[in-house]
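S.K.: Letter by letter, the chains look like this.
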Amino acid sequence: MKLVTAIVRPEKVNDVLEALYRAEVRGFSLSRVQGHGGELDRVETYRGTTVKMGLSEKVRFEVAVSDDFVQRTIDALCAGGRTGEVGDGKIFVTPLERAVRIRTGETDEGAVTPLQA
Amino acid sequence: MSAPAGVMISGADTAWMLAATALVLLMTPALGLFYAGLVRGKNTLNTFMMSIAALAVATVLWALVGYSLAFDPGNGFIGGLGHALLKGIGFAPRHGTHIPQLVFFAFQATFCIVTTALVSGAVVERMRFSALLVFSASWSVLVYAVLAHWAFGGGWLQAHGTLDFAGGVPVEMGSGFSALAAALVVGARKDYGRQALLPHNTVYVLLGAGLLWFGWFGFNGGSGFGVGRPGVLAFTNTLLCPACTLLVWFALDLLRDRRITAIGAATAAIVGCVLITPAAGYVSPGWAMALGALGALPSYAVIVWRPRTRVDETLDVLAAHGTAGLTGILFLGFVAQRSWNGISNGLLYGNAHQLGWQALAALAGPAYAFTATLVLLRVIGFALPLRASAHEQALGMDVTQHGEEAYVTGEGAILVSTEVLEGPVPVAQP
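Those sequence lines, one after another, are chains A and B. Reminder that position 33 of the first sequence reads as 33 in our numbering, one-by-one numbering, no gaps. For our numbering, add 1000 to where a residue sits in the second sequence, where the first one is 1.
If you are wondering where the hints come from, they were derived from the structure by calculation, not from laboratory data. Note that beta-carbon positions come from the ideal geometry of N, C-alpha and C, so glycine has one too. Do not take every clue at face value.
Here are some, though not all, of the chain B residues that point toward chain A, as calculated from beta-carbon distances under 8 Å [as the list claims (entries may be wrong)]:
no.	residue
1	Ala1394
2	Leu1395
3	Glu1404
4	Glu1411
5	Gly1412
6	Ile1414
7	Leu1415
Quick list of in silico lysine-lysine cross-link-like pairs, BS3-like style, CA-CA up to 27 Å [said to hold, decoys possible]:
no.	chain 1	residue 1	chain 2	residue 2
8	B	Lys1190	A	Lys12
9	A	Lys90	A	Lys12
10	A	Lys12	A	Lys2
11	A	Lys2	A	Lys52
12	B	Lys1190	A	Lys90
Using the sequences and the accompanying hints, generate a full structural model.
M.R.: Given below as structure tokens:
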């Protein structure tokens, strides 16, 4: 059981969602984050003040999956999120100790397997 | 310049027209706010700036040549150059009015500005700003000034008796059908038809619509050029007609989706103002209310139908202005009443000719606006790329076109220009 965390471009979110859906990854959370990952800074000017915007808007996907789903999830995130330019983001995979589905109390693999509804 | 003897300037007329001009000028930033609320957050400033751009380019072009082409006698199709470069525009009254030509010029300029800004609604979220500046400048002369000459400046429509009180032909049909052409030439947004592209701030939309309605009292109320009957009638009709459109729009929303929507309400207020624009000083208040109610239907239908097509006429200028302007121009041909306007009756009061001239305007205005805009944008397209790249559209037009963002937090922003300060940065004293 792993937690797959992906940081992607906001404008690629719809493509990532579509790719995850095609890969049958149905459970995830996403949040808006700001970060810096080596992409070129944007220079903006407000009246006399010129600033380098060091942080870029990104969207973070968090997907908890069973081990045999990890590669499919990564493939989907890459396919949906890639533009080829610097700033496409990163994917981190971390081991997951426990997972609990609140409604039923199911744990671990059962909790991260989506219901066939 | 002093007024020639015998021609009177009216203090009352001039005072009202000065105020009305300022009211109409407010409509352009109001439109910018309305449009900005309807786009995605990353395109807020660019969309607003498209309206602000009209304040710059349309005003200057109007002073250089536009006013002259619209209001100098010239021929039936286009005015002459007698007033080019502001020649002869002074304190003497404009013929047919009791206000100085200076005021008449400024009042008409605000119409040109807001109409030029209206067209931008068709191309938001993808047209490059520099290309838009060139387009707006040339459109304000080659399309607006020509149509204004036809309808207001003694051109062939006005000479033959077409009634158009405050701009159903040049402003409403002119912008609406030009918007359709612009959307076709510039093409759809990158994600159009693939993703839901939703309005990001409906409060802006409602406030923008409210301010537009407020300004419209100057727009229609000032188009009588004084405080006489036409202006007074137009003023009150500008209250009554949009109220009826709003109410009918509520009913249509209820029938379609069982809910009354806020964006629908904002749209309805504008559609109502557009409907009464050509008819404002020519129809009775009762007919103005009927026009508001009935005129909601065609615009509502176009708004429901348009997003199902491939035409990304993004902010529905065709439905709100083109369609409603056409409805108003034609309706006027039925219900114009000499007992109210002192000029002409419509079909219902025994004058079928009036409807004929209204119908001709409803054909010629859209045809010219559509064709001229199509050709103009194709020509500009040879010299300049019209569209931002897919990558620029994805990042947002605010950052890529202007280097600014509407909703900037300042987190992570590093000051670049500190080296300009000589010596140590002064420390604030407690």
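S.K.: With reference to the structure, classify each hint as holding or not holding.
M.R.: Cross-check of the supplied hints:
1. Ala1394: Holds: closest Cβ of chain A sits about 4 Å from alanine 1394/B, inside 8 Å.
2. Leu1395: holds, 7 Å
3. Glu1404: The hint holds - glutamate 1404/B has a Cβ within 8 Å of chain A, the shortest such distance being about 6 Å.
4. Glu1411: Holds, about 6 Å.
5. Gly1412: It holds, given that the least Cβ distance between glycine 1412/B and chain A is near 3 Å, below 8 Å.
6. Ile1414: Cβ of isoleucine 1414/B sits 5 Å from chain A, so the hint holds.
7. Leu1415: OK, holds: leucine 1415/B within 8 Å of chain A, min 6 Å.
8. Lys1190/B with Lys12/A: With Cα atoms ~13 Å apart, lysine 1190/B and lysine 12/A stay inside 27 Å; holds.
9. Lys90/A with Lys12/A: Judged against 27 Å, a Cα distance of about 13 Å means the pair holds.
10. Lys12/A with Lys2/A: holds, 23 Å
11. Lys2/A with Lys52/A: Outside the cut-off at roughly 37 Å; violated.
12. Lys1190/B with Lys90/A: holds, 25 Å
In this structure, the one hint that does not hold is number 11.
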